[in-house]
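Work the whole structure out from these sequences, hints included.
FYI, the numbering for the sequence shown is 11 to 111, going by this note's numbering.
Straight-line distance between alpha carbons at most 30 Å, and here's what the computed DSS-like set of lysine-lysine pairs gives: (1) 35 with 21; (2) 14 with 35; (3) 63 with 14.
Source of the hints: derived by calculation from the structure; they are not laboratory data.
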Amino acid sequence: MRQKIVDYTNKQIEDVCAIMMAEDKTMQTYHHTTDLLEINAFIGLLYYSGQWKSNHVDTIELWNNVNGINFYRSVMSRSRFVFLAIVCDLTLEKADQKRID
11 MRQKIVDYTN KQIEDVCAIM MAEDKTMQTY HHTTDLLEIN AFIGLLYYSG QWKSNHVDTI
71 ELWNNVNGIN FYRSVMSRSR FVFLAIVCDL TLEKADQKRI D
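Quick look at the structure:
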């Protein structure tokens, strides 16, 4: 099941990167496909945030060097987490739009 998530997420990432390249935007280091290990880490961060009721806390605060939690920074960079979250959100928006149509 998680491998399907990886495959679909990679398809979405490739689409986003293709659009960025077509618009001559600069590719960042966090614009790359994912793997099963990283998706497990991403899901773990989401679960951890929910467990500690920090799912509504801004990611800037969670990854903050001074007051943030070291756990988040040790799993993945904030920019990569936000990028994966946006890619997943794009997927949900398309699914919701198809259901409405």
